[in-house]
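K.L.:
Read top to bottom, the protein sequences are chains A, B and C.
If you're matching positions, the first sequence starts at 1 in the working numbering and goes up one per residue.
If you're matching positions, the second sequence starts at 105 in the working numbering and goes up one per residue.
If you're matching positions, the third sequence starts at 203 in the working numbering and goes up one per residue.
Careful, some of the hints might be misleading.
[To be verified] Within a straight-line C-alpha distance of at most 25 Å, the following computed DMTMM-like cross-link-like pairs (lysine to aspartate or glutamate) qualify:
#  : chain 1 : residue 1 : chain 2 : residue 2
1  : B       : Lys125    : C       : Asp276
2  : B       : Lys168    : C       : Glu384
3  : C       : Lys292    : C       : Glu311
4  : B       : Lys121    : C       : Asp471
5  : A       : Lys62     : C       : Glu384
6  : B       : Lys192    : B       : Glu129
7  : B       : Lys110    : C       : Asp471
8  : C       : Lys334    : C       : Asp257
9  : C       : Lys368    : C       : Glu451
10 : C       : Lys315    : C       : Glu384
11 : B       : Lys110    : C       : Asp266
12 : A       : Lys91     : C       : Glu384
13 : B       : Lys110    : C       : Glu275
Bear in mind the hints are in silico, worked out from the structure with no lab data behind them.
Model, not experiment: these values are computed from the prediction.
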Amino acid sequence: MKKVLLTTVTLFALSANANFNSSSHNWNMGSDPFKSTISAAESIYKEVASVNAWRDTAKLIKDAKAAHAKGDSAKALKLAKVAHNQAVRAKEQIPAMKNAGPRF
Amino acid sequence: MSIKLKPRARNGNIDIKLLIKHPMETGLRKSKGKLVPANHITDMTVAVNGTTVMKADIGSAVSKDPYFKFSTPGNKGDEVTVSYNDNKGKSGSASKKA
Amino acid sequence: MKKLTTLFLGLSVAVGFTNANIDPQADQDAFINYFKKANPNVALEDYSVGAYALDEINRGQFEDILSGITPYEDAVEKGGEEFADLGLGKCAALADPAAARVKHPYFDEVQGKVITLEMTIAKCYNEVTGKKIAKNKGRIARLSAWISDQAAGEKINVKVESDAAKAAYQKGKATFYAKRGEFNLSCADCHVYNHGKKARADVLSPALGHTTHLPMYRAKWGGLGTLHRRYGGCMKNMRAKPYKSHGEEFANLEFYQARMNNGFEITADRYRK
Chain A
1 MKKVLLTTVT LFALSANANF NSSSHNWNMG SDPFKSTISA AESIYKEVAS VNAWRDTAKL
61 IKDAKAAHAK GDSAKALKLA KVAHNQAVRA KEQIPAMKNA GPRF
Chain B
105 MSIKLKPRAR NGNIDIKLLI KHPMETGLRK SKGKLVPANH ITDMTVAVNG TTVMKADIGS
165 AVSKDPYFKF STPGNKGDEV TVSYNDNKGK SGSASKKA
Chain C
203 MKKLTTLFLG LSVAVGFTNA NIDPQADQDA FINYFKKANP NVALEDYSVG AYALDEINRG
263 QFEDILSGIT PYEDAVEKGG EEFADLGLGK CAALADPAAA RVKHPYFDEV QGKVITLEMT
323 IAKCYNEVTG KKIAKNKGRI ARLSAWISDQ AAGEKINVKV ESDAAKAAYQ KGKATFYAKR
383 GEFNLSCADC HVYNHGKKAR ADVLSPALGH TTHLPMYRAK WGGLGTLHRR YGGCMKNMRA
443 KPYKSHGEEF ANLEFYQARM NNGFEITADR YRK
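Build out the structure end to end from the sequences listed, making use of the hints.
P.N.:
So, in structure tokens, the structure goes:
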């Protein structure tokens, strides 16, 4: 019983872990990498925008969509990935921003 | 374009401070996607009582509303005249007694 | 276990709500000490001239311009004419321009937020003309500069008293020290920890004294601009999307910065590179 429980818990933890690291693992690239990347970029950007929007993220998203509409899928995916990375890093900055203070 | 001129006589010299209001556009700057045409002073002349004491070549590298400060021999009551031309053919001048 | 958890939770709630540990004077003392230690040969009042206190080469030019013809004197004069022509003195908040400058920024208990001088000007302008005034430059900067000139020589004296004011002050302080944007830089990274050093060709100004000469004339702008204009430009340079002028973040940030300058004299010398 204990062994089964341990295995189940481990498997559960591993798969849960996989979801949280979707930015560094391409688990969900699946059939449309552009669509999943750009929607992730947009939703994370929306989350962080009022507190810590980076200067270029919105434009990158816009340009990625424009490239996709034109059929330049390589450029579209490249820009989408940059936008996504920016949004993720912006989100990572936020916890330390709340109580930032002097070092002296 | 207006000129602010402040000549001050002191110990046989006239200390001159002047500011020329001028956009000094280089012609290389873009505004709203379009090049802003060059619009800058090309030369400036300073005279004391009608005699030219300085001629200066001023170009696009000088910034907006340039401020100049220099000294020239002279006395109280001498009339200082500053005049300039710009690349668009416009000119301006101002006179004041030290 | 349950008792311990309840106690811990209770304590954290208490700490969060009482603001008892927010002490602007202690913050300012530490702030001034930091700069004093970094620059033992710079007199405290000198911080009012910003980077020029640490940049001998450009200081000569700066003083020359101030003693000669300042590029902003016409604009400030015009601000005075506009103030009179528009009748902005009719607004209670601006009836005494010098007092208005000294009062702002302040925490408005009724509105529950920090009010800056430009916000008051914008409100008065709207009441008098029915129109909205551009927030960062042009007329608002001229009006603010003229109003500020009337208080030249008076001391900055920002009050942070109520709990709500302290909370706003604390938020402004956090904004100042928070790393943000693509370059992961905070205001403090340049203007505290690296002040006096160069960023390309410019000497980074010390944050102490930042709010003595507002609004400022910057040669880069070729004109006058408000503090929020500078905040926005700087944030963009750090590759962060700027907060809104006259909005909560910038107002709180100004509140913190101004409080750090309590005791400094307001000056009409607005020139900066």
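K.L.:
Now tell me, hint by hint, if it's right for this structure.
P.N.:
Quick rundown of the hints versus the structure:
1. Restraint check for lysine 125 of chain B and aspartate 276 of chain C: the C-alpha separation of about 10 Å stays at or below 25 Å, so the hint holds.
2. With a C-alpha separation of about 32 Å, the suggested pairing of lysine 168 of chain B with glutamate 384 of chain C is violated against the 25 Å cut-off.
3. Pair hint lysine 292 of chain C plus glutamate 311 of chain C holds up; C-alpha atoms about 23 Å apart against a cutoff of 25 Å.
4. Using a Cα cut-off of 25 Å, the hinted pair lysine 121 of chain B and aspartate 471 of chain C holds, with the two alpha carbons roughly 18 Å apart.
5. For the hint pairing lysine 62 of chain A with glutamate 384 of chain C, the CA-to-CA distance comes to about 18 Å; that is within 25 Å, so the pair holds.
6. The hinted pair formed by lysine 192 of chain B and glutamate 129 of chain B meets the criterion: a straight-line CA distance of about 11 Å does not exceed 25 Å.
7. A distance of roughly 19 Å separates the Cα atoms of lysine 110 of chain B and aspartate 471 of chain C; the hinted pair therefore holds under the 25 Å criterion.
8. Of the pairs offered as hints, the one joining lysine 334 of chain C and aspartate 257 of chain C is violated, with about 40 Å between alpha carbons and a cut-off of 25 Å exceeded.
9. A threshold of 25 Å between alpha carbons decides the hint, and for lysine 368 of chain C with glutamate 451 of chain C the separation of about 14 Å falls inside it, so the pair holds.
10. Our distance criterion of 25 Å between C-alpha atoms is broken by lysine 315 of chain C and glutamate 384 of chain C, whose separation comes to about 29 Å.
11. Of the supplied pair hints, the one linking lysine 110 of chain B and aspartate 266 of chain C holds, its CA atoms being roughly 13 Å apart against a limit of 25 Å.
12. For the proposed pair lysine 91 of chain A and glutamate 384 of chain C, the alpha carbon gap of about 11 Å is at most 25 Å, so the pair holds.
13. A threshold of 25 Å between alpha carbons decides the hint, and for lysine 110 of chain B with glutamate 275 of chain C the separation of about 14 Å falls inside it, so the pair holds.
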